[in-house]
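Listed below, chain by chain, are the residues.
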Amino acid sequence: DQQVKQNSPSLSVQEGRISILNCDYTNSMFDYFLWYKKYPAEGPTFLISISSIKDKNEDGRFTVFLNKSAKHLSLHIVPSQPGDSAVYFCAATYRNSGNTPLVFGKGTRLSVIA
Amino acid sequence: DGGITQSPKYLFRKEGQNVTLSCEQNLNHDAMYWYRQDPGQGLRLIYYSQIVNDFQKGDIAEGYSVSREKKESFPLTVTSAQKNPTAFYLCASSTRGPTGELFFGEGSRLTVL
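Chains as they are written, first to last, in our numbering: chain A, 1 to 114; chain B, 1001 to 1113.
Just chain A, with the same shape it has in the complex (with noise of 0.2 angstroms):
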């Protein structure tokens, strides 16, 4: 059973454009979100993160918002460039419990139209 889900496998956003990814997760224990992005042939890099103590994280074009009750987190990227197009992995993990691996989605592939 998929614990974290990125039920869009793709999206298309214009250059300028707000783009929004979206994931849902099922595991009440999960206190610690992030964002990857990845390129084909690349290993994936770190992005963003939120902890559950928050409903909001702000990184210059990037923001996270979290909605614990809805078990569900964005990704807002504004505005979209060209060089935003790749695959965005959420991933999510409980802290408490001390370094339990990362449970990724499956990712959502961002492609950015000039």
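Heads up, some of the hints might be wrong.
Now the stretches of chain A that chain B is said to cover, found in silico as 3 or more residues with beta-carbon under 8 angstroms [said to hold, decoys possible]: (1) 37-51; (2) 104-112.
Computed list of lysine to aspartate or glutamate pairs in DMTMM-like fashion (alpha-carbon distance at most 25 angstroms, straight line) [claimed, not checked]: (3) Lys37/A to Glu1106/B; (4) Lys5/A to Glu1101/B; (5) Lys37/A to Asp1059/B; (6) Lys37/A to Glu1101/B.
Treat the hints as calculated values from the structure; they're not laboratory data. Ideal Cβ positions, reconstructed from N, Cα and C, are used throughout, including at glycine.
Place chain B on chain A using the hints.
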């Protein structure tokens, strides 16, 4: 520069052969991980190690083996028992702290002929 080095980047193997993928890190991280990526499947955990001489199975450990004799190294062996070994393999490491942030290598693509 600090980082994670995976080798080889591309590897071809005949059916029935074992192959070992190398992963070395100089970040002084305690924990290391192996993930497998398949199209549409995301990243699935194969094995992980939180400390030298100790490792745990992940979600898809069957057909794989690992060792952790040194803090810097976490090699993955894909054995002939692995039914569908063709995939992109990613090694990662993290501190033992609670942040959970992983640092990934560039990956190794294994193709079984």
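When you check the alpha-carbon spacing of lysine 37/A and glutamate 1106/B, does it fall within 25 angstroms?
13 angstroms, holds
Proposed proximity, aspartate 1059/B with lysine 37/A (alpha carbon, max 25 angstroms)
Holds, at about 22 angstroms.
25 angstroms limit on alpha-carbon distance, applied to hinted pair lysine 5/A and glutamate 1101/B
19 angstroms, holds
Holds or violated: the region 37-51 of chain A covered by chain B, criterion of 3 or more residues with Cβ-Cβ distance under 8 angstroms?
holds (count 7)
For lysine 37/A and glutamate 1101/B, compute the direct alpha-carbon distance and say whether it is at most 25 angstroms.
13 angstroms, holds
Examine the region 104-112 of chain A: at least three residues should have C-beta closer than 8 angstroms to a C-beta of chain B.
holds (count 4)
Going through the hint list in order, the structure satisfies each hint without exception.
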